[in-house]
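K.L.:
Could you slot chains B and C onto chain A? The hints should help.
Take a look at the letters that make up each chain.
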Amino acid sequence: MKTLQTYIDKLNKLNFKEMYNNDFLLTWEKSDDELEAVWTIAEALRYMRENNISTKVFESGLGISLFRDNSTRTRFSFASACNLLGLEVQDLDEGKSQVAHGETVRETANMVSFMADIIGIRDDMYIGKGNAYMREVSEAVKQGHEDGILEQRPTIVNLQCDIDHPTQCMSDMLHIINEFGGIENLKGKKLAMTWAYSPSYGKPLSVPQGVIGLMTRMGMEVVLAHPEGYEVMPEVEEVAKKNAAASGGSFKKTNSMAEAFKDADIVYPKSWAPFAAMEKRTNLYGEGDHDGIKALEKELLAQNAQHKDWACTEELMKTTKDGKALYLHCLPADITGVSCDEGEVDATVFDRYRTPLYKEASYKPYVIAAMMLLSKFEDPAAILKKLEEKGTPRILK
Amino acid sequence: MKTLQTYIDKLNKLNFKEMYNNDFLLTWEKSDDELEAVWTIAEALRYMRENNISTKVFESGLGISLFRDNSTRTRFSFASACNLLGLEVQDLDEGKSQVAHGETVRETANMVSFMADIIGIRDDMYIGKGNAYMREVSEAVKQGHEDGILEQRPTIVNLQCDIDHPTQCMSDMLHIINEFGGIENLKGKKLAMTWAYSPSYGKPLSVPQGVIGLMTRMGMEVVLAHPEGYEVMPEVEEVAKKNAAASGGSFKKTNSMAEAFKDADIVYPKSWAPFAAMEKRTNLYGEGDHDGIKALEKELLAQNAQHKDWACTEELMKTTKDGKALYLHCLPADITGVSCDEGEVDATVFDRYRTPLYKEASYKPYVIAAMMLLSKFEDPAAILKKLEEKGTPRILK
Amino acid sequence: MKTLQTYIDKLNKLNFKEMYNNDFLLTWEKSDDELEAVWTIAEALRYMRENNISTKVFESGLGISLFRDNSTRTRFSFASACNLLGLEVQDLDEGKSQVAHGETVRETANMVSFMADIIGIRDDMYIGKGNAYMREVSEAVKQGHEDGILEQRPTIVNLQCDIDHPTQCMSDMLHIINEFGGIENLKGKKLAMTWAYSPSYGKPLSVPQGVIGLMTRMGMEVVLAHPEGYEVMPEVEEVAKKNAAASGGSFKKTNSMAEAFKDADIVYPKSWAPFAAMEKRTNLYGEGDHDGIKALEKELLAQNAQHKDWACTEELMKTTKDGKALYLHCLPADITGVSCDEGEVDATVFDRYRTPLYKEASYKPYVIAAMMLLSKFEDPAAILKKLEEKGTPRILK
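Residue numbers (the numbering used here), protein chains in the order written: chain A, 75 to 471; chain B, 75 to 471; chain C, 75 to 471.
The hints are simulated quantities; they were obtained by calculation from the structure and are not laboratory data. Only a predicted model underlies this, so the values are computations on that prediction, with no experimental measurement involved. Heads up, some of the hints might be wrong.
If several chains are the same, the list does not tell them apart, and a pair holds so long as it fits within one copy or across any two.
Derived PhoX-like pairs: lysine-lysine, alpha-carbon spacing no greater than 20 Å straight-line [stated by the list, open to error]:
1) 91 x 216
2) 433 x 216
3) 395 x 261
4) 459 x 130
5) 471 x 91
6) 130 x 471
7) 464 x 130
8) 87 x 460
Bound-form chain A, shown alone (with noise of 0.2 Å):
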């Protein structure tokens, strides 16, 4: 694609128009042109970036991020598409506590909107509550610009919940429909999203689960793989059954990672946490059972040591397509030698694919600027080409 009415043309293809005024919450809730809308308008915005065209659509206007677990990336990424766009971000810090509810939800929500356009959350800790809180902040804000309180409705864009990851699932698949020349091609290949061994205890499920929502939908074979017991939300499964069949692709689950990475196309190894022992630690958490929650860790710690085996090795990566599946990661990866003993990779198998991961990550600002952009934009087509003709330079010149 070399000019800006090449992406133009293929939005005006396009049925997004829900996307209008609404949040993003899970890639299933939204059809296949709202998923290629946000894809078309990040690489919109990325070659507008790359041409030094600004892309400042707000003279002013806030965009909140309110974290609930500690975050670099997640966070650097939503401020800089927040900063793309003209928003400024302002941090609601609210800890890792899970005591906002009800009453304060609706009322903080409020109080820090007067000016936000956008509110960036994640909150991924508790199994059952983040999504729903993100649906609870949205629904007090939608009420509160009902109500003339807020002269705008602030729309939310999911940074990570307990059910999916969709800015970093989105920009996983951004990444792979341009390694693979396109979402055409992607018929038939084989992703493996699999666990792999990790020394550290507890991460999210959103990422499996949220690829195997997303990857699903293309057509390609998706294999989720795991040892057993490490089963992820049955209602996600669910949904990723649903996409296969209507994408024309398959959903298949196994227990063996070799059996996942045969002849695979794209491997996604990466650890993560028993869906049951999450639910069982979020109880644990709220009943303030500090000693059950110690020794849940100590418990799952043990279990994951039984499954060192799972590891993305060289050898491993040999029986993939040609001995050259794309390798994907949400990153920080646990590499075997470097950042651990034993890990999730093999430090020369990282090393090789070093570059496509951090270009893989190099996509979250922009799919994240998308996401806003459809939902503050009825007609994002129309602005994107105004930001070219008024032609003002990023960096002046």
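P.N.:
Then chains B and C, alone, in the frame of chain A:
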């Protein structure tokens, strides 16, 4: 009011030239015209935002926020106001310590202000200290500007001190004005500023003090009610008395919540700590007497608990004018059965007034921005006109 | 200098083309022309701000601040510089830990830099580490840019390291230049960089090192004075010697504060920790030897206490040139009887020089902004001219 011109016409009738290059520290240091200028510009800015007209008057510049107490709402209001006008917020985090004084205050104030246009300060913890600190900072940067160190004089906005909470009370008042259809309709209206029970301890006196110091200027019948022992600063009561005399209203005190509520048009039931106790606490902190502080806290909680009947119940609300007094609160409120077992207000009362309460809060960013505009521009009416003529959209269209 | 053109004419006579797309890490890596370009642009930016001409050259973009030590002043100077040019500051908080190395540094540097134009780093705690860390970050993002991961190469500004403190010393020097009426007037002037007693422990060596590494380039007679045992890095002394030889000045060492002050035109009395002790501390931290660190701290405080006579007293000041040497300090100073019982400087001396000291500090935001402008624009003179022609007011008029 339908056009920006209406606001500009109103401004042109007011005398507020002393506000230029000046701080906003206490409402009673300002003339009636000056207060009305704040409300008029606040409304004009809101009108412009609603009509998608950018009010960015600064291309660059910092708004420094200096919070010596935790805050989410005021922090966001200040950040929103800065953003609305084009200033970037930088937080100066000094913690709650009282150590910074004299040389250190002068130096730090200058060192952070090389590009600061506004300094917003919240310092409400210690009696006799907060407002004094603001004046110390103000003096330091004024001198710095005169000495050629600072290219501009950063002006101070009091975001809550030990004496007054002008941005809150000015927002409360703007809400009242709009609810009653204009300042001219307030004469003779009865406003009850009453203490209410809260299970928490040591809430600042700045709201009741700010309310009696401001609301007595409109010819209203202002009643301050609290249990014995919960007196506010005597000098602020003096201000209230003088105001009432000058405005043709009244200022009365009572130890009966029922008496205050009886036939009231407006009620503001809210917990605060006794002035004498806050003064004692300030001294204990000064002496580093942690045991003394703990003992005082215990004592105050016990004292509070003797007055659990001071609550804004449905029964009490029925005794107000037509049973429909306007219920005010600076939020968050201690809601009985919601945020605590027994608190300031019945859940059903709070619920009925939620939308107006949120609206009351929604004025604050505009009030703060108006204070900034009045302190930084000699002819704000001309600036508003120019912004309208430029017609830069806040969100690109 | 009266017009912007004067600065532009001066710039056009200087060769600084190597600064484009490059870092600013050590002053002695830069040519005389390059240093003069920094001062010229710093002054030009200040002139423009004083004349209400916006110098916003970025419509969007991030300035990342990475402080591995607490900081208020430098943080605000960096934020002010970013704001002046249109970049939004994002803080990358890595704490004081030394853990981040190798793979982690490379990855984090790239992950936060997708939209970063500038990275400002302060890392002065550990001998042999700070400057090395900056080069590691620089190399990582340079590679990231070459690999097509980053659309732009973020350049690094050293905001203080274990070796140099270039933004401080360049500001100090600009202050000296202005006080003495031009670089051409500095030849033969005596500058005393001397140790002074402070009751605190472990102050960085970067200021004295930066001063002798920079001030020896102007043909001045630079004297470094300290008690035995407070040596600075030998390699920086070598730099100072070579500079002095090349500039026609001199660089001498002494263990007598009186000798250094005698007939000095400029004095810079300031505490620092012995190089050898800092090196030892770095190793103790590396080994996690907390008892060792505590023991060392105690030992160093005792060592300091033996040199309480190293203070900038009124008596000593009288021995300087006409008793009126220019007193410099990077602030905050330990002022006897004000910020401590016995410290670096008499209160009356400090008081007399307060305004010039604050002015000295006021150059820093402009110096940092100048370094940024020189690293991001191939022809900064043309950019300044264009900004003047555009004539966008910083504050709307």
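K.L.:
Could you run down the list of hints and mark each one as holding or not?
P.N.:
Evaluation of the provided hints:
For the homomeric pair residue 91 and residue 216, the shortest alpha-carbon distance inside one copy (18 Å) is at most 20 Å, but the shortest distance between copies (41 Å) is not. In this assembly of identical chains, residue 433 and residue 216 lie within 20 Å of each other by CA distance solely across copies; the values are 15 Å between and 36 Å within a copy. In this homomeric assembly, residue 395 and residue 261 come within 20 Å of each other (Cα to Cα) only inside a single copy, at 15 Å, whereas the closest approach across copies is 72 Å. For a Cα distance limit of 20 Å, the shortest separation of residue 459 from residue 130 inside one copy, 13 Å, qualifies, whereas the shortest one across copies, 24 Å, does not.
Only between protomers do residue 471 and residue 91 lie at most 20 Å apart by alpha-carbon distance; the minimum there is 17 Å, versus 36 Å within a single protomer. Proximity of residue 130 and residue 471 under a CA criterion of 20 Å is satisfied in both settings, with 17 Å inside one chain copy and 12 Å between copies. In this assembly of identical chains, residue 464 and residue 130 lie within 20 Å of each other by CA distance both inside one copy and across copies; the values are 11 Å within and 18 Å between. For the homomeric pair residue 87 and residue 460, the shortest alpha-carbon distance inside one copy (19 Å) is at most 20 Å, but the shortest distance between copies (41 Å) is not.
The structure shown violates none of the earlier numbered hints.
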